[in-house]
Amino acid sequence: MGIYGKKPTIEDGDNNIFWTTMSDLLLGLAIIFMTLFVLAMTGFTQETVELQQNQMKASEQLADRLKEADIDAEVDKLTGNVKISELELFDVGSYTLSAKGKQYLEKFVPIYIDTIYSNPALYENVVNIVVQGHTDSQMFQGLKTPNEQFAKNMELSLLRANAVENYMFKTKFNPAYSEKLRKMVVVEGKSFSEPVLTADGKEDYAKSRRVELKLRVKAKNISRMFGLNFGGN
Numbered sequence: 020m021g022i023y024g025k026k027p028t029i030e031d032g033d034n035n036i037f038w039t040t041m042s043d044l045l046l047g048l049a050i051i052f053m054t055l056f057v058l059a060m061t062g063f064t065q066e067t068v069e070l071q072q073n074q075m076k077a078s079e080q081l082a083d084r085l086k087e088a089d090i091d092a093e094v095d096k097l098t099g100n101v102k103i104s105e106l107e108l109f110d111v112g113s114y115t116l117s118a119k120g121k122q123y124l125e126k127f128v129p130i131y132i133d134t135i136y137s138n139p140a141l142y143e144n145v146v147n148i149v150v151q152g153h154t155d156s157q158m159f160q161g162l163k164t165p166n167e168q169f170a171k172n173m174e175l176s177l178l179r180a181n182a183v184e185n186y187m188f189k190t191k192f193n194p195a196y197s198e199k200l201r202k203m204v205v206v207e208g209k210s211f212s213e214p215v216l217t218a219d220g221k222e223d224y225a226k227s228r229r230v231e232l233k234l235r236v237k238a239k240n241i242s243r244m245f246g247l248n249f250g251g252n
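Residue numbers for the sequence shown follow the working numbering, beginning at 20 and rising by one.
Treat the hints with care, as some may be off.
Distance condition first, Cα-Cα at most 27 Å in a straight line; then the derived BS3-like pairs of lysine-lysine [said to hold, decoys possible]:
1) LYS209 / LYS189
2) LYS96 / LYS191
3) LYS237 / LYS76
4) LYS209 / LYS121
5) LYS199 / LYS237
6) LYS102 / LYS119
7) LYS233 / LYS209
8) LYS102 / LYS202
9) LYS209 / LYS119
10) LYS76 / LYS102
11) LYS102 / LYS226
12) LYS76 / LYS226
Treat the hints as calculated values from the structure; they're not laboratory data.
Take the sequences, apply the hints, and build the full model.
Here's what the structure looks like:
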């Protein structure tokens, strides 16, 4: 019995060469992509760390300067977020700044603004300075429904944040920073959606009634490291 096999043709040889070449090409592209990805991630991490370090330095500087000026405020040493008690700014249930509140902001705002804008490595990465109002869940409890109570607190928290933002521009901070501040400042009301909790997880009503100033920094997008734009503007 004879054994027959297909005789190799020129076409078969060409196909083998094609697939070998294609495999080598794809492998090479994969290696290049992985190398770029690792380099991009390294740069991404370094940028993030440097920004965090700048925030921490500015936060420590702000806390020290407020303490020296005898200004009562809680400064987050990691993010630079500042919490100001309701009692420093408003009468209970009011959204009109008290005389004490105006005096407080006249001392606080120039220090706060100068700390941010005298540090280019920080402010160049800041998108917004957010003035954020907060209330507590006891306020307006007499209203008919929880939704009505929430909405009324939302209104109060927003009006308080707006009052603080308006008065910021009346204080004697460095006028060279005015245009930057106008472009960056935004106002938010949070109602009682973000309460301050005690150690045992209960709402601290007094501390929950506050105004916060937060720095919203640029989000680092890995696609930008490659100069890519996936469906965005």
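Hints and how they fare:
1. For the suggested pair LYS209 and LYS189, the alpha carbons sit about 25 Å apart, so the restraint of at most 27 Å is met.
2. At roughly 25 Å between alpha-carbon atoms, LYS96 and LYS191 fall within 27 Å of each other, so this suggested pair holds.
3. Distance restraint check for LYS237 and LYS76: the Cα-Cα separation of roughly 18 Å lies within the 27 Å cut-off, and the hinted pair is therefore satisfied.
4. This hinted pair checks out: LYS209 and LYS121 have alpha carbons roughly 22 Å apart, not beyond 27 Å.
5. Taking the CA atoms of LYS199 and LYS237, the gap is near 16 Å; set against the 27 Å cutoff, the hint holds.
6. Under the criterion of a C-alpha separation no larger than 27 Å, the hint pairing LYS102 with LYS119 is consistent with the structure, at around 17 Å.
7. Straight-line distance between C-alpha atoms of LYS233 and LYS209 comes to about 13 Å, which keeps the hinted pair within the 27 Å bound.
8. A distance of roughly 22 Å separates the Cα atoms of LYS102 and LYS202; the hinted pair therefore holds under the 27 Å criterion.
9. Among the hinted pairs, LYS209 with LYS119 is consistent with the structure: their alpha-carbon atoms are about 24 Å apart, no more than 27 Å.
10. A hinted pair counts as satisfied when its Cα atoms are at most 27 Å apart, and LYS76 with LYS102 qualifies at roughly 18 Å.
11. Among the hinted pairs, LYS102 with LYS226 is consistent with the structure: their alpha-carbon atoms are about 9 Å apart, no more than 27 Å.
12. A threshold of 27 Å between alpha carbons decides the hint, and for LYS76 with LYS226 the separation of about 26 Å falls inside it, so the pair holds.
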